[in-house]
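Chemist: For the record, the sequence lines run as chains A and B.
End of the first sequence = 259 in the working numbering, gap-free, step of one.
End of the second sequence = 507 in the working numbering, gap-free, step of one.
No lab work stands behind these hints: they were computed from the structure.
Idealized CB from N, CA, C, for every residue including glycine.
Incorrect hints may have been included.
[What the hints assert, rightly or not] Cβ-to-Cβ under 7 Å is the rule here; a few derived chain B residues that face chain A:
(1) Val307
(2) Met341
(3) Phe343
(4) Gly361
(5) Lys364
(6) Asn415
In case you want the letters, here they are:
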Amino acid sequence: MLKPLLNVIDDIGECLIFLRLILRTAYRSPCTWESICEQTWKVSVQSTPTTALAGFFVGAIMTVQFTMQTKAFGALGYLGGLSTSATVREVGPLLIAFLLSGKVGAYTSAELGTMRVTEQIDAIRCLGANPIQEIILPRFLGIVISSFFLLAAGLIMSIFGGMLMGSVFSGINPEEYVRHIPTIVTQFSIGNGLFKCLVFALILASVCTYKGYSATGGAKGVGRAVVGTAVMTMVGIVVFDWFTSLLSETALNLFREGV
Amino acid sequence: MITFRDVHKQFGEREVLKGITFEVPEGQILFILGTSGTGKSVLLKNIVGLMQPTSGQILVDGTDVTRLSEEELFPVRRKCGMVFQHPALFDSLTIFENVAFGLRKHYPEYSAAQLAERVRECLSLVYLSGVEDKKPQAISYGMQKRVSLARTVAVNPRILLFDEPTTGLDPVTTRAINDLILELSRKLKTTSLVVSHDMQCALDIADQIIVLDMGEIVARGTPEELRKNPHPLVRDFLKEALDAETAS
Numbered sequence: 001m002l003k004p005l006l007n008v009i010d011d012i013g014e015c016l017i018f019l020r021l022i023l024r025t026a027y028r029s030p031c032t033w034e035s036i037c038e039q040t041w042k043v044s045v046q047s048t049p050t051t052a053l054a055g056f057f058v059g060a061i062m063t064v065q066f067t068m069q070t071k072a073f074g075a076l077g078y079l080g081g082l083s084t085s086a087t088v089r090e091v092g093p094l095l096i097a098f099l100l101s102g103k104v105g106a107y108t109s110a111e112l113g114t115m116r117v118t119e120q121i122d123a124i125r126c127l128g129a130n131p132i133q134e135i136i137l138p139r140f141l142g143i144v145i146s147s148f149f150l151l152a153a154g155l156i157m158s159i160f161g162g163m164l165m166g167s168v169f170s171g172i173n174p175e176e177y178v179r180h181i182p183t184i185v186t187q188f189s190i191g192n193g194l195f196k197c198l199v200f201a202l203i204l205a206s207v208c209t210y211k212g213y214s215a216t217g218g219a220k221g222v223g224r225a226v227v228g229t230a231v232m233t234m235v236g237i238v239v240f241d242w243f244t245s246l247l248s249e250t251a252l253n254l255f256r257e258g259v
Numbered sequence: 260m261i262t263f264r265d266v267h268k269q270f271g272e273r274e275v276l277k278g279i280t281f282e283v284p285e286g287q288i289l290f291i292l293g294t295s296g297t298g299k300s301v302l303l304k305n306i307v308g309l310m311q312p313t314s315g316q317i318l319v320d321g322t323d324v325t326r327l328s329e330e331e332l333f334p335v336r337r338k339c340g341m342v343f344q345h346p347a348l349f350d351s352l353t354i355f356e357n358v359a360f361g362l363r364k365h366y367p368e369y370s371a372a373q374l375a376e377r378v379r380e381c382l383s384l385v386y387l388s389g390v391e392d393k394k395p396q397a398i399s400y401g402m403q404k405r406v407s408l409a410r411t412v413a414v415n416p417r418i419l420l421f422d423e424p425t426t427g428l429d430p431v432t433t434r435a436i437n438d439l440i441l442e443l444s445r446k447l448k449t450t451s452l453v454v455s456h457d458m459q460c461a462l463d464i465a466d467q468i469i470v471l472d473m474g475e476i477v478a479r480g481t482p483e484e485l486r487k488n489p490h491p492l493v494r495d496f497l498k499e500a501l502d503a504e505t506a507s
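Could you build all of it, start to finish, from the sequences and the hints given here?
Modeler: Written out as structure tokens, the structure reads:
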């Protein structure tokens, strides 16, 4: 009973130590811009079609859901603003994080795990290079940076999805749909979405690089690393979603009281 | 020169190395033989700090490497080149980039032309040409092993460490790799430490041989001395080598 709990705490602790090692390497001996750009490009290109498609349908789903409520209150004009706000503040960052976790997180931990079990990481060390600087840091930063690009792509597509569904299902034209977006989607909503996106990306990047880098035991070990990445990122993202929501609400209340 | 002084290595309850003591004089080839799981690879990884012994000292040219940090190990790793059991080539890079990897780290002053020249030179040392633009997965396993050797010697190490360099290879490639080890060691005047199962190869090219069993040295000496050693494990290894010789 106690042992699995201790294992989880142990895992979280080691992941945090690994994150500190990455950040210290970033400060003391940063990697090249070329390697960061290469990884950012790779992650973005790999995930843009899936994110865009998912974003489109999320916009459409939000519109369908909000149509019923706004119709009941005779506020159909606010449909675009409400569904976009929900996507920017909550669903968008969460969706991007889950998609990246399944695709990029699994890929990265499998890639690094294979490098570990086939002694490629030991070879890097023996050739006088620092594996954290050479292979971990570019991947870590690549995932974090591309998360923002993917969030933007997903949000744009969600507006298109919402507009289409607004016309087809709710009977409001695209111009009416976007009119109240600036009214409801405030700077605070955008900041909240960006903050969540950053936190989720940090969780994903830390967990997948840590799990891959510390893989042991051949092909089975790589499999374990991939499964471990999926479980730890999903749970971490959900827990931190609650935490960041709470933090944002508290910040917003303090701001309102101050005003 | 490499010196082991009473080196112990423990994984949990299991003691893998039990008080290993030996010395490899400069310019010599030392073979470490033993059955699987006797701690041969562990012994090799301790030299370059990929693992740390539980107790004892390992001296590389007089420097005790056992308590050095990752940064302090860089000069030691600069002296030692390690060829792993797997080719351990970086599969996202081409053969050229693989061989050039260490060169870019150790010789940042090299121009692109100098780098290309050195890569070609090292690949020709292992009898490879025209593979520079290929990815590791596009060449055979034997060729990958040779590229791994080229990558290691590219940075001019003074000590070469081979971890089962011929495992998984056919007899012809095994012979070619063994010849390469001897040739490179003599040509580059390096001190070489080879972990292997291959007694025949050890008898052919080693200056000294050590036989490990259950983490302990059970026999040591020159190939001639080993031929006369009565230890059962040594006799088993010799019998296998003689059988192979007779068959060939």
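Chemist: Could you run down the list of hints and mark each one as holding or not?
Modeler: A quick look at each hint next to the structure:
{"no.": "1", "hint": "Val307", "result": "holds (6 Å)"}
{"no.": "2", "hint": "Met341", "result": "holds (5 Å)"}
{"no.": "3", "hint": "Phe343", "result": "holds (4 Å)"}
{"no.": "4", "hint": "Gly361", "result": "holds (4 Å)"}
{"no.": "5", "hint": "Lys364", "result": "holds (5 Å)"}
{"no.": "6", "hint": "Asn415", "result": "violated (12 Å)"}
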